[in-house]
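Undergrad: The opening residue of the sequence shown carries number 1 in the UniProt record's numbering; numbering runs sequentially from there.
One thing to keep in mind: the hints can contain errors.
[Stated by the list, open to error] Once the Cα atoms are required to be at most 25 angstroms apart in a straight line, the calculated SDA-like pairs of lysine to any residue come out as:
(1) 11 x 36
(2) 80 x 42
(3) 80 x 9
(4) 48 x 22
Read the hints as simulated data drawn from the structure, not as lab findings. Nothing here was measured: the structure is a model prediction, and the numbers come from that model.
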Amino acid sequence: MNAELSNEFSKQLLVIAHAPSANTRLLREAAARGASHPDLEQVQCVVKAPLEAGPEDVLACDAILLGTTENLGYMSGALKDFFDRTYYSVLEKKQGLPCALYIRAGHDGTGTQRAVESIVTGLRWRWVQAPLILSGEWQPTFADQVEELSMTLAFSVESGIV
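Produce the entire structure from the sequences given, and follow the hints as far as they go.
TA: In structure tokens, the structure reads:
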């Protein structure tokens with residue numbers, strides 16, 4: 001997706017999603033699809049891998065959707081690296097940023113959820129809804145759930161609810 005906010009859009013939804021496999025790429029694509037719904041007129045979706053995103057991306061957005069895999073009961077190293085590189089640069093400037101999270105978990109995802117929630121609490125970002133944990137064996141409906149999450153976040157931003 002284009003990293004520049006077009007003049008026709010007034011809001012930006014940033015999707016930062018780690019996608020090391022075909023299935024997690026499907027989730028990231030679903031997030032982009034949801035945030036690019038044809039009825040959205042004022043929101044542009046920007047999608048970046050965690051290792052490609054930086055503080056400037058967070059500073060430019062109006063909401064953020066985080067996506068990660070569960071790795072050894074924790075978030076992906078790529079998402080942790082993103083937080084390490086951006087935390088202090090955005091801490092005072094993006095308090096209250098609306099956010100959401102999806103976790104592709106092979107187990108229960110609770111350790112991953114706690115880790116991300118701890119960082120988001122420190123950043124003083126605002127959850128739009130509870131994290132979405134996609135656990136167990138891959139289900140085709142996981143992509144639908146991520147698309148709905150992303151669409152809900154985008155429509156909330158456009159309508160000024162968040």
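Undergrad: Next, verify each hint and record whether it holds.
TA: Hint check results:
no.: 1; hint: 11 x 36; verdict: 12 angstroms, holds
no.: 2; hint: 80 x 42; verdict: 30 angstroms, violated
no.: 3; hint: 80 x 9; verdict: 30 angstroms, violated
no.: 4; hint: 48 x 22; verdict: 16 angstroms, holds
Checked against the numbered hints above, the structure violates hints 2, 3; every other hint is satisfied.
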